[in-house]
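Chemist: In case you want the letters, here they are:
2 protein chains.
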Amino acid sequence: MATRHRRSACPISIALELLGDQWSLLVVRDLMFKGKHTFGEFLAGGEGIASNVLTDRLARLELAGVVTREPHPDDARKVRYLLTEKGLSLAPVLMELVVWSARWERTAAPPDEVKAMREQREAVLERVKRDWKRARTRGR
Amino acid sequence: MATRHRRSACPISIALELLGDQWSLLVVRDLMFKGKHTFGEFLAGGEGIASNVLTDRLARLELAGVVTREPHPDDARKVRYLLTEKGLSLAPVLMELVVWSARWERTAAPPDEVKAMREQREAVLERVKRDWKRARTRGR
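Those protein sequences? They're chains A and B, same order as listed. Here the first sequence stands for residues 54 to 193, numbered as in the working numbering. Here the second sequence stands for residues 54 to 193, numbered as in the working numbering.
If you're looking for bench data, these hints aren't it; they were derived computationally from the structure. Any given hint could be a false lead.
Repeated chains share a single entry, so a pair holds when one copy, or any two copies, can fit it.
Derived DSSO-like pairs (lysine-lysine); straight-line CA-CA distance at most 27 Å [said to hold, decoys possible]:
1) Lys131 / Lys87
2) Lys182 / Lys168
3) Lys168 / Lys139
4) Lys182 / Lys139
5) Lys131 / Lys186
Extracted from the complex, chain A is given alone in its bound form (with noise of 0.2 Å):
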């Protein structure tokens, strides 16, 4: 994406050329927090992303470096779907918003996670991670 033409050079207006619609980081969360890895888990993800949406986000996704995909160890005609490095380092972006939305609005956020993302920050990330390389290093 180096050579994309970006509207300017703010790092947060990259950001959110890079991920800024609604259905983007959806994805992003069901890869780091929920386990999901294929495209009809995906689909299946509770907001009702539309298909045709759901194959361009992946797309774009993958074209900035942020997913990989490769065939799914259970059946290699299928796809699963992987965060990268640089789509595992979104993790303290996810928390903040689980945070800030936990505090504003009704959600079904557990109390309990959001304390955790609040106070104990490191310990969340680093089960995060743990997660991240258990599902990379799965049917290798």
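Fit chain B to the supplied structure of chain A, relying on the hints for placement.
Modeler: Just chain B now, with coordinates in the frame of chain A:
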């Protein structure tokens, strides 16, 4: 916004419904980090937002309780926008977007600022809050 229909109760999904497009968080950025408070200042923000899009995003942010509007202290015929406390509390989200983007993309983020956001998080948050308070009390 509590009564609005939501696609799910997931806190990340809700946050993205409120904020998830390429422009909304740039307005928050301008208010939070750039001392901008008027429609004209946002419009000149550098990313080339169209005025109809800006009008729409400001209305949404107001409806979401993230910004408020009031007569401008310099000229009561003009409007100035201010972050609410809910808007201010997006600071950690924006800071994590800066840190992520500066790590993975080529950006104009000043390295010292990024380092401070990464390593002296509380100090940066305090500074942002101080600026926020100063802007709110200006002209009162």
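Chemist: Decide, hint by hint, whether the structure agrees.
Modeler: Here's how the hints hold up against the structure:
no. : hint            : result
1   : Lys131 / Lys87  : within (19 Å within a copy, 47 Å between copies)
2   : Lys182 / Lys168 : both (19 Å within a copy, 22 Å between copies)
3   : Lys168 / Lys139 : both (25 Å within a copy, 18 Å between copies)
4   : Lys182 / Lys139 : within (12 Å within a copy, 30 Å between copies)
5   : Lys131 / Lys186 : within (21 Å within a copy, 54 Å between copies)
This entry satisfies every hint, going by the numbered hints stated previously.
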